[in-house]
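Novice: Here is what each chain is made of, one letter per residue.
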Amino acid sequence: MSALLKEIRHNPLLWLLAFVPVVFAASKFKPEAHTLLFVLSVLAIVPLAALLSHATESVAAKTGDAVGGLLNATLGNLTELVIAVTALRAGQYMLVKASIAGAIVTNSLFMLGASFLLGGFKYHVQEYNRVSARLQAGLLFLATIALLIPSAISKADPVAGAAITQKLSVGLAVLLTVAYGLGMLFSLKTHRELFASAQHGDAGEAPWPIGLALATLAGVTLLVALVSEVFVESVQKAAESFGMTPAFVGFIVVALVGGAAEMASAFSGARKNRLDLSVGIALGSAAQIALFVAPVLLLASYFIGPTPMDLQFWPGAVVMIFLATLTASLVTNSGRSTWFVGAAVLMVYLIFAMTLYLLPPRSELTRLMQPIIEK
Amino acid sequence: MSALLKEIRHNPLLWLLAFVPVVFAASKFKPEAHTLLFVLSVLAIVPLAALLSHATESVAAKTGDAVGGLLNATLGNLTELVIAVTALRAGQYMLVKASIAGAIVTNSLFMLGASFLLGGFKYHVQEYNRVSARLQAGLLFLATIALLIPSAISKADPVAGAAITQKLSVGLAVLLTVAYGLGMLFSLKTHRELFASAQHGDAGEAPWPIGLALATLAGVTLLVALVSEVFVESVQKAAESFGMTPAFVGFIVVALVGGAAEMASAFSGARKNRLDLSVGIALGSAAQIALFVAPVLLLASYFIGPTPMDLQFWPGAVVMIFLATLTASLVTNSGRSTWFVGAAVLMVYLIFAMTLYLLPPRSELTRLMQPIIEK
Amino acid sequence: MSALLKEIRHNPLLWLLAFVPVVFAASKFKPEAHTLLFVLSVLAIVPLAALLSHATESVAAKTGDAVGGLLNATLGNLTELVIAVTALRAGQYMLVKASIAGAIVTNSLFMLGASFLLGGFKYHVQEYNRVSARLQAGLLFLATIALLIPSAISKADPVAGAAITQKLSVGLAVLLTVAYGLGMLFSLKTHRELFASAQHGDAGEAPWPIGLALATLAGVTLLVALVSEVFVESVQKAAESFGMTPAFVGFIVVALVGGAAEMASAFSGARKNRLDLSVGIALGSAAQIALFVAPVLLLASYFIGPTPMDLQFWPGAVVMIFLATLTASLVTNSGRSTWFVGAAVLMVYLIFAMTLYLLPPRSELTRLMQPIIEK
Chain S
-7 MSALLKEIRH NPLLWLLAFV PVVFAASKFK PEAHTLLFVL SVLAIVPLAA
43 LLSHATESVA AKTGDAVGGL LNATLGNLTE LVIAVTALRA GQYMLVKASI
93 AGAIVTNSLF MLGASFLLGG FKYHVQEYNR VSARLQAGLL FLATIALLIP
143 SAISKADPVA GAAITQKLSV GLAVLLTVAY GLGMLFSLKT HRELFASAQH
193 GDAGEAPWPI GLALATLAGV TLLVALVSEV FVESVQKAAE SFGMTPAFVG
243 FIVVALVGGA AEMASAFSGA RKNRLDLSVG IALGSAAQIA LFVAPVLLLA
293 SYFIGPTPMD LQFWPGAVVM IFLATLTASL VTNSGRSTWF VGAAVLMVYL
343 IFAMTLYLLP PRSELTRLMQ PIIEK
Chain V
-7 MSALLKEIRH NPLLWLLAFV PVVFAASKFK PEAHTLLFVL SVLAIVPLAA
43 LLSHATESVA AKTGDAVGGL LNATLGNLTE LVIAVTALRA GQYMLVKASI
93 AGAIVTNSLF MLGASFLLGG FKYHVQEYNR VSARLQAGLL FLATIALLIP
143 SAISKADPVA GAAITQKLSV GLAVLLTVAY GLGMLFSLKT HRELFASAQH
193 GDAGEAPWPI GLALATLAGV TLLVALVSEV FVESVQKAAE SFGMTPAFVG
243 FIVVALVGGA AEMASAFSGA RKNRLDLSVG IALGSAAQIA LFVAPVLLLA
293 SYFIGPTPMD LQFWPGAVVM IFLATLTASL VTNSGRSTWF VGAAVLMVYL
343 IFAMTLYLLP PRSELTRLMQ PIIEK
Chain P
-7 MSALLKEIRH NPLLWLLAFV PVVFAASKFK PEAHTLLFVL SVLAIVPLAA
43 LLSHATESVA AKTGDAVGGL LNATLGNLTE LVIAVTALRA GQYMLVKASI
93 AGAIVTNSLF MLGASFLLGG FKYHVQEYNR VSARLQAGLL FLATIALLIP
143 SAISKADPVA GAAITQKLSV GLAVLLTVAY GLGMLFSLKT HRELFASAQH
193 GDAGEAPWPI GLALATLAGV TLLVALVSEV FVESVQKAAE SFGMTPAFVG
243 FIVVALVGGA AEMASAFSGA RKNRLDLSVG IALGSAAQIA LFVAPVLLLA
293 SYFIGPTPMD LQFWPGAVVM IFLATLTASL VTNSGRSTWF VGAAVLMVYL
343 IFAMTLYLLP PRSELTRLMQ PIIEK
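Chains as they are written, first to last, in the numbering used here: chain S, -7 to 367; chain V, -7 to 367; chain P, -7 to 367.
Check the hints yourself; a few may be wrong.
Note that identical chains are pooled: a pair holds if it fits in a single copy or bridges any two copies.
To be verified - Dumping the calculated DSSO-like pairs for lysine-lysine here, alpha-carbon to alpha-carbon at most 27 angstroms:
id: 1; residue 1: K159; residue 2: K181
id: 2; residue 1: K181; residue 2: K114
id: 3; residue 1: K159; residue 2: K229
id: 4; residue 1: K229; residue 2: K264
For the record, the hints were derived by calculation from the structure and aren't laboratory data.
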């Protein structure tokens, strides 16, 4: 317990934990104050995500490389997963899909670009392990193809599209999960030496005792789930009062909130000239959302959602995912980076964010994002 | 003749030649047994394709490198060409187009991916000549642009599309043939030293005497043409009884049957750590279909088809060709391969195959694939 | 003045300057002879563009590297800019857009491809600085994403598209200009050593005295503006009498005329085995059109056009820009070139040119290209 308290004192981000009880109190006494609840739940999720990330790493450090890597890779996007499951249970499928698409785009453009930019401010030219970056970019590219096929078919051939989307989505979910498993087998087992420098982990921070780590993992996951419920309930109404479209909230705000803890690690790695870590977190996290979180959510929708979900995305989101993945592939191909590469990648992100911000509330995407339960 | 018999005894695949007379007998006495005829004709085409491939190589080995390379490159897809010409004469243009698209996708994804996977099971990391792979991938990319322009224009601008598709297709066919000729001039004449390791050929097998090779070439081409007729006539009905959509048959089954012999060579090369051979066959064959077979079929349709054919493909096929080519380009860019690269490429192929398998029979593609002669 | 005369005597292209007074005389006495005026104005613009280019370089040489590079980069596409501003003032927005799209495609395919081809005829394999080529290709790719987003959104979501196109276009124009500025900061200031060999300039030609250069710059810009007016007025009618569609004229003819001077420099560099220069001019010029000329024209339309312009392009043009940029990225990735690479890139250009030539006059693009003022 003292390790936990020491961690909290050490890391200023964790002072935000004070907002966790506040958000529960507010949601009990002021259930109509959507904007307040939205802000409070964002402030509460960020430190919880950071704790979750540290607990996962500590468990991973204790269990040996293979199992640890597996755990780390699988639980790395736990925050996003919990938020999405909460939205799934509420039947808000368009919010689920927008947050999947948004997490892929945000991780492969914003997290990568900002890492390059921040690192580039301190170092003239930075180098990183391009073999590892290529694997992650390749996996991401594969996932992108899987995610865009249902939309491409339904665009190219409306009759065909409607009839097969559901079956196709389940098939794709299974294929993606298999690809994810093979990717881990490859990077953790058969060819782990190729990924050498990307496997260092956060050498600077001492791992927690295993008991504390496991307890934190369980307790914090529960807290994230409870806060996510407040977040998902308040996000739509709050967005309106901020003048943000639901598309912008799902794609940008949820992705940034859910990925806050990983971004902190990636940016700190970049500033320590450990770009392997940053690129690994950014691309790995994006690949994981596409190959693991998306299929799990689809399959989960058969059990906990009002109706089965599919993997057909809003066509604009498909274009953005494709361009984000292509950008990340082209940019990481050389294994070198400068501040300008980061700035250019961030520009692509800004172009997407601006487009989503300007989308009118009556557009196809935002109409579809109205919660089903309200109907 | 004894060389031919020895070859048959040596190569277990050639025992399937026994099915050649069987298919003719069956088509005479049981013309309504479509499923049986389909299975028999597939079993008969595979060994004929293998013979054709060996005969071509033997002729090529005798005539010196330049002419031999030319012959090899030009006759390498003879099986696909003969099947497609048979479909063309029957007016089944959608089957022709599906088999062109399918051959490009199958060669650049299935043949390449399975070669990487099979090679990767035996060797930890395999290297190959990336200059040569880049040329093939570049040619393929060029052909893809040519094939997707008519569809893109007709999608973007329906009025324009309908009016110019036919003229544009002829122009593209001429350009592609010129590009193909220039590519051979480059790789066989002006810059042949860049392609050194890819030109080894099947050093393991002794070439046949020239007379036998030429006679085999002529005789087997005739047999393939006759069996193809049975195959093309039975494929649609048989597909239905197997529960396969016509789209799946044209794209996947025809491409796998037509390319069986080349696949055997590519896979055997990969397992002998001669990945240059495998990559050369896979990408070279895909480029050849796009740059040579497709234009030849288009121009041939003016003489032997009921009406002129065009190069406008089903939009879903265009997306698949584009993604297959982009995948092959990105993957072969590094000149190195492991089992996982192969698995990932095969996954993309599986995604496409699954999509085509699930397409409902009433979709735009499958409706268009109903033989014109039945109308 | 004698330097100017010496230059004219030295450079056979400049004999065409004789057509400048001829075009003014013809436009006064034969205002209805559209075809004649079109031909004369093309013949007059080409030498003026060459003079403009030389004057810019001379000013750049005098003002030191940073300011000079800035000037050179900013005024390099002055001809295109002046032609487009003339079309803008006449309200011919589709001609403006077609010439923007055409200049990007022509520079990144025709100029690049022809440089590779011409250089390849003299040298077996040519090498160039791939870091610099990658930066330019990356900037171009970024700009392409910005230019295709409005069209992609409006295609994917017609309701959304119409409502936000104008606001989005202004936002994109600002982002692109910022990206352009950052790119110059990067290549001229913080990381100029990476671009070493690309900064040589035309070492062969002595710069003019600064006074002559500035006077030429001012005077020739005025002449280009006046001749452009004749060109823009006559181009549509003349195109009809040549049997060319307005799409072909805007995309191909205007781009070739506007870029004639830069092409002369790029081709001469390639034949002197100074491919860095050629690649820099081709990709740099394309990036500049997309990142600087297009935004400037958009913003200028608020002041000098009949109504504000937007950045939504004809979908076929978006496909072409995307494919041209992708081709340039893939091709320049290796830093090596042969004649065949050039031939393949030119083939892609020919495919586009042929498609535009065949577009029927009643297509969506050509209909939209009818001058607004005629309505």
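Novice: Hint by hint, note whether the structure agrees.
Specialist: Going through the hints against the structure:
no., hint, result
1, K159 / K181, "neither (33 angstroms within a copy, 51 angstroms between copies)"
2, K181 / K114, "between (35 angstroms within a copy, 16 angstroms between copies)"
3, K159 / K229, "between (34 angstroms within a copy, 24 angstroms between copies)"
4, K229 / K264, "neither (40 angstroms within a copy, 63 angstroms between copies)"
Checked against the numbered hints above, the structure breaks hints 1 and 4 and satisfies the rest.
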